Every structure is written in C-alpha cells, then in structure tokens.
Amino acid sequence: MSEQDSAVLETRDLTAFYGDFQALFGISFALHEGETVAIIGANGAGKSTFLKAIAGLLPRPAAAVRLDGRDIGALPAFDIVKLGISLVPEGRRLFTSLSVEENLQVGAYGRHGDGTWSLEAIYRLFPVLHERRHTPSTALSGGQQQMVAIGRSLMSNPRILLCDEISLGLAPIVIRDIYAALADIKARGTSVVLVEQDLMHAMSVADRAYCFQEGRVSLSGRPQELTRDAIHAAYFGL
Amino acid sequence: MLGWIDTLLQGILLGGLYSLYATGLSVIFGIMRLVNLAHGDLIVLAAFLMLALVAAGVPIVLALAIVLPLMFALGYALQSLMLNRALGRNILPPLLITFGLSIIVQNGLLETFSADTRFLNVGPLQGASLRLGGGIAIGVMPLICLVAAITVILLLNGVFYRTPLGRAFRATSDDVEIAQLMGINNKAIYAITMGIALAVCAVAGFFLGARANFDPSIGPARLLYAFEAVIIGGLGSLWGTLAGGIVVGVAQTVGAHIDPEWQILSGHVAFLIVLVIRPRGLFPRAVD
Numbered sequence: 004m005s006e007q008d009s010a011v012l013e014t015r016d017l018t019a020f021y022g023d024f025q026a027l028f029g030i031s032f033a034l035h036e037g038e039t040v041a042i043i044g045a046n047g048a049g050k051s052t053f054l055k056a057i058a059g060l061l062p063r064p065a066a067a068v069r070l071d072g073r074d075i076g077a078l079p080a081f082d083i084v085k086l087g088i089s090l091v092p093e094g095r096r097l098f099t100s101l102s103v104e105e106n107l108q109v110g111a112y113g114r115h116g117d118g119t120w121s122l123e124a125i126y127r128l129f130p131v132l133h134e135r136r137h138t139p140s141t142a143l144s145g146g147q148q149q150m151v152a153i154g155r156s157l158m159s160n161p162r163i164l165l166c167d168e169i170s171l172g173l174a175p176i177v178i179r180d181i182y183a184a185l186a187d188i189k190a191r192g193t194s195v196v197l198v199e200q201d202l203m204h205a206m207s208v209a210d211r212a213y214c215f216q217e218g219r220v221s222l223s224g225r226p227q228e229l230t231r232d233a234i235h236a237a238y239f240g241l
Numbered sequence: 007m008l009g010w011i012d013t014l015l016q017g018i019l020l021g022g023l024y025s026l027y028a029t030g031l032s033v034i035f036g037i038m039r040l041v042n043l044a045h046g047d048l049i050v051l052a053a054f055l056m057l058a059l060v061a062a063g064v065p066i067v068l069a070l071a072i073v074l075p076l077m078f079a080l081g082y083a084l085q086s087l088m089l090n091r092a093l094g095r096n097i098l099p100p101l102l103i104t105f106g107l108s109i110i111v112q113n114g115l116l117e118t119f120s121a122d123t124r125f126l127n128v129g130p131l132q133g134a135s136l137r138l139g140g141g142i143a144i145g146v147m148p149l150i151c152l153v154a155a156i157t158v159i160l161l162l163n164g165v166f167y168r169t170p171l172g173r174a175f176r177a178t179s180d181d182v183e184i185a186q187l188m189g190i191n192n193k194a195i196y197a198i199t200m201g202i203a204l205a206v207c208a209v210a211g212f213f214l215g216a217r218a219n220f221d222p223s224i225g226p227a228r229l230l231y232a233f234e235a236v237i238i239g240g241l242g243s244l245w246g247t248l249a250g251g252i253v254v255g256v257a258q259t260v261g262a263h264i265d266p267e268w269q270i271l272s273g274h275v276a277f278l279i280v281l282v283i284r285p286r287g288l289f290p291r292a293v294d
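If you read the protein sequences in the order shown, they are chains A and B.
Counting from 1, position 121 in the first sequence corresponds to residue 124 in my numbering; the numbering is continuous, with no gaps.
Counting from 1, position 108 in the second sequence corresponds to residue 114 in my numbering; the numbering is continuous, with no gaps.
Hints should not be assumed to be uniformly reliable.
What the hints assert, rightly or not - Below, a list of computed lysine to aspartate or glutamate pairs in the DMTMM-like style, where the Cα atoms sit at most 20 Å apart: (1) A:K85 - B:E183; (2) B:K193 - A:D82; (3) A:K85 - A:D71; (4) A:K85 - A:E36; (5) B:K193 - B:E183; (6) B:K193 - B:D181; (7) A:K189 - A:D117; (8) A:K85 - B:D181; (9) A:K189 - A:E38.
What the hints assert, rightly or not - Reference listing, derived: stretches of chain A covered by chain B, where coverage requires no fewer than 3 residues with Cβ under 8 Å from a Cβ of chain B: (10) 70-81; (11) 88-101; (12) 112-119.
Hints were generated in silico from the structure; no laboratory data involved.
Here the structure is a predicted model, which is why all the values come from computation and not from measurement.
By construction, the Cβ of each residue, glycine as well, lies at the ideal position given by its N, Cα and C atoms.
Based on the provided sequences and hints, a complete structural model is requested.
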C-alpha cells in the first residue's frame, strides 16, 4: 500500500459509537496532499459519523486517526482544527445570534499557520456574503448559509477540509456555485474529503471515492474505475 | 402623590441592587444553560469576605478590590474542577452540585461567622442622601448601586459584543459543538463565564452589605429575587435583567407603601403577572 505511506490524513480501523450503538466498524482510509476524496453511501452508512470522528466530535481510539503519521485520535475537536483539519458540518449550523461577518471571524479562532484565507479572500470567493456581511446569519437563504459555513471553516486556513453534505437541500444553480468555489479551494492545494449523497457531483470532482455501507467500506477506487453496477452493489449492499 | 413618586424612585434604586444579584445568574444561564442554585449564597459569601477584611483593618473599597478577583478565581476553579466534569446532556448533575454548594456555603458561613446580623460600614456615605426638592430625597449608596449595576451591564455587553472573546462566548452559547470545531475550548469559556459571574457577585455582595443587613441564611431569598429579575427581563438579555430587577424592586416598594407586610409578596405577584402576560419575559433573546 504505497498510497497509505504518503498519506496526509489516515484512519486505521476507526471505530465510533453513539452510546452503545456502534456506527463505524473499523474504517481504514487515506487522503493524500491536494487530493479530493468522496465518501458516498446511503443514509445511516456512517459517512457523517466518520467526519465527526476525524474532527474530534466523537470519542475514537487514539491511534485510529493519524495526521502526517502522528496519532491525533486523543485530541479534542478544538485542538484538531488548530492542526489544519476543518469540518463544514451537515446542516450548516451557523451561529444564529452572530452576523455573517462574526460567523466568519469566529472561524479564525482556531487558525492554523499563515494560510491564504482572510475575510477579504472569503468575500472574493463568495461576493454575495460581502453585501450581506452585517445581516444576521438566520436571514440568509440556504445557499448563502452554506457559503458562510464553508467560509467559516476556511478562516482557520485548513490543509484538509471535511465537507458534510454541502449540496443538501440546495437548488441546482446554487449547488453549481458552491462546487465552483470548491474548485477554487482545491486549486489552493487544500485536500478535501467530500461526503455526498449526490453521486454525480461527488464523482465529478473526486480523485478517489470510498463507498460506505453500514459502518464499513464496501468499495473504494478512482471514479472512472468504478462501474455503475459495482457502486450500486456497494451502495445498497445488494 | 409625592409619596408615590418617592416610592417609585426607591423601587428603581432597589431594582439596581436586584439586577446586580441577577446579572451573574443571567450570564451563567445565557452561556452555559446552567442554573446556579448557590448564586445567592455566593453573594453573601463575598459580603462576609469583605466583612472579614474590614475587620482586619482593610479599607472597604480595597476589600472590594481584593474580593473581586478572588471571587473570579473561585468561579474559575469551581467551574473547571467541578461543574465542567458534570456538564452533559443531563442538566440535573450540575444543578445538584450547585445545590450542595449552597448548603456548604451557608453552613460554612454560619460556622465561621455565627448567625449574627452584620452590615458593611462604608463610612460617611452610608446614610448620606441627595435632596431632590419637593421633600424627596434619595440615598447616595442606593444611587451608586444603581449606577454600578448599569456600569457592570455596559462593561459585560462591551465584552460580549465588541471583543473576539465575546464572539467566542456567544458562539459557544449558540452551538457548543460547532464552537469546538472553530477551535474554541468550551470548558475554558465556561470557566471564564463562572469567574465573571462570581466577580459580579462580589460587587453585588458589596452593595448588599452596604445597603442592608445580612446574615448567613439570606442567600436563597437573594437567589429568588435574582431568578425573578432574569425571567421577567427575558433570558439572554442583560438590559432585560436590569429591567426585571427594577420591576421586582418597584413592585416591592409599592407593596410596602400600601402595607409593609406586602413588600416581599408583591414582588412575587409582579413576577407571576409578567409570566402570565409575557411568558418569555419582557426582552427575550435566547431561542431556547
């Protein structure tokens, strides 16, 4: 597995639980510098749980998550982001009593290194947010909220961006804008893990993909190497 | 007529004291969704600490300047060593800890200082008053107390709404899980919150002792007035808490003006009336 050796982010036999309920059963995964990896799978397959476990929102075995070969599984979420791993959470989850700009500023709290992201850079990426920067975050449309959620994560200058269902519930035209921004983000060398239910979008931007099924990896490979039938089988377990 | 204006003024001034009781409680609830049942007793504790310093020859203002950071440190330690360990989905464990703390503080004070009634001697200002004409006069200490209450709220709002630390406070209050994703150590935020709340308790304890008599048993009643002020004002708004304190204060003095026996009762009645008319308080901010 020469691929695993050069991985920036790696999980080995990652397990995660919600109380007594086991959601992940030993996920082994690798992400390389500058790579975009899609994670697909049905509802309840453990995709969001996987991202949460990496980000530190769920307890996980200390050696199960590695960044640059270093175990980071014992670190709390507020330390993980300072290492350059940032999660864009499912459902956006903006800070409701904060304005758009304040939401972005809070994102800089866990800043990692001297990256390229700043308020100005976020406003260049999403010009509409500049117009609405003093608006309460609750007054935005779904697409604009998603832009704030992504911008907020970028403010920490992540090396690795974990995106959880960033197209969920958005109009196709808005999804196109969000994915155009994602291309810009990738162009800056950021590695991306993309959890999506929307297969077409995920596969169109991903360098590699993992398919999850009931807390396990059921298939992985490059999108062009994965046949529709193989994905179908891995997706539904048929 | 003059009697009523006087009553109203005294009520507003008393409201300043009640909102000082309530501000710390409001901050703790607003950021942590934690109810601190020991809040009143901690105010009384601060008053006794100042009393002990004064008895040792420390000037009263210096005593406040010493007790204020001391109470901050106590709050920080209390939160990081005890309450943070009990925080979780269930709100009962931290509530029970503060209930136990209330009993410990009360009995500790009783053991150390006896049940005697005390007051803080603030010198010539103690009984000083300002004549406003028309036979109406207001006490200087009560006026300073109201000004202090307003100043404390201005300062806290300045911190919460104008500083990066304040943004972290509000973000943590909104969504503690996501705040952690942003690099905010929520437990450190909570410890600072409790520290700030207890520092405000020190100010409240100063005016409690300077305005009226106190003994180790009066904490729970102060907690009750503070609760009423917070709920009347609306959760999450410090100006609302000031307004709530003034509503309770005015209701009490108006009640006492009609019949001295009605003072405490009319404060509670005003609270119930506000609850019936506006269940979310006068200036609600918090969404949950």
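Now the hints, each set against the structure:
1. A:K85 - B:E183: With Cα atoms ~16 Å apart, K85 (chain A) and E183 (chain B) stay inside 20 Å; holds.
2. B:K193 - A:D82: holds, 13 Å
3. A:K85 - A:D71: holds, 14 Å
4. A:K85 - A:E36: Holds, because 18 Å separates the two Cα atoms, which is no more than 20 Å.
5. B:K193 - B:E183: The hint holds at about 12 Å.
6. B:K193 - B:D181: Judged against 20 Å, a Cα distance of about 13 Å means the pair holds.
7. A:K189 - A:D117: holds, 17 Å
8. A:K85 - B:D181: Roughly 19 Å between the alpha carbons, so the hint for K85 (chain A) and D181 (chain B) holds.
9. A:K189 - A:E38: At roughly 8 Å apart (the allowed maximum being 20 Å), E38 (chain A) and K189 (chain A) satisfy the hint.
10. 70-81: holds (count 3)
11. 88-101: With 8 residues in contact (Cβ-Cβ under 8 Å with chain B), the coverage given for the segment 88-101 of chain A holds.
12. 112-119: holds (count 3)
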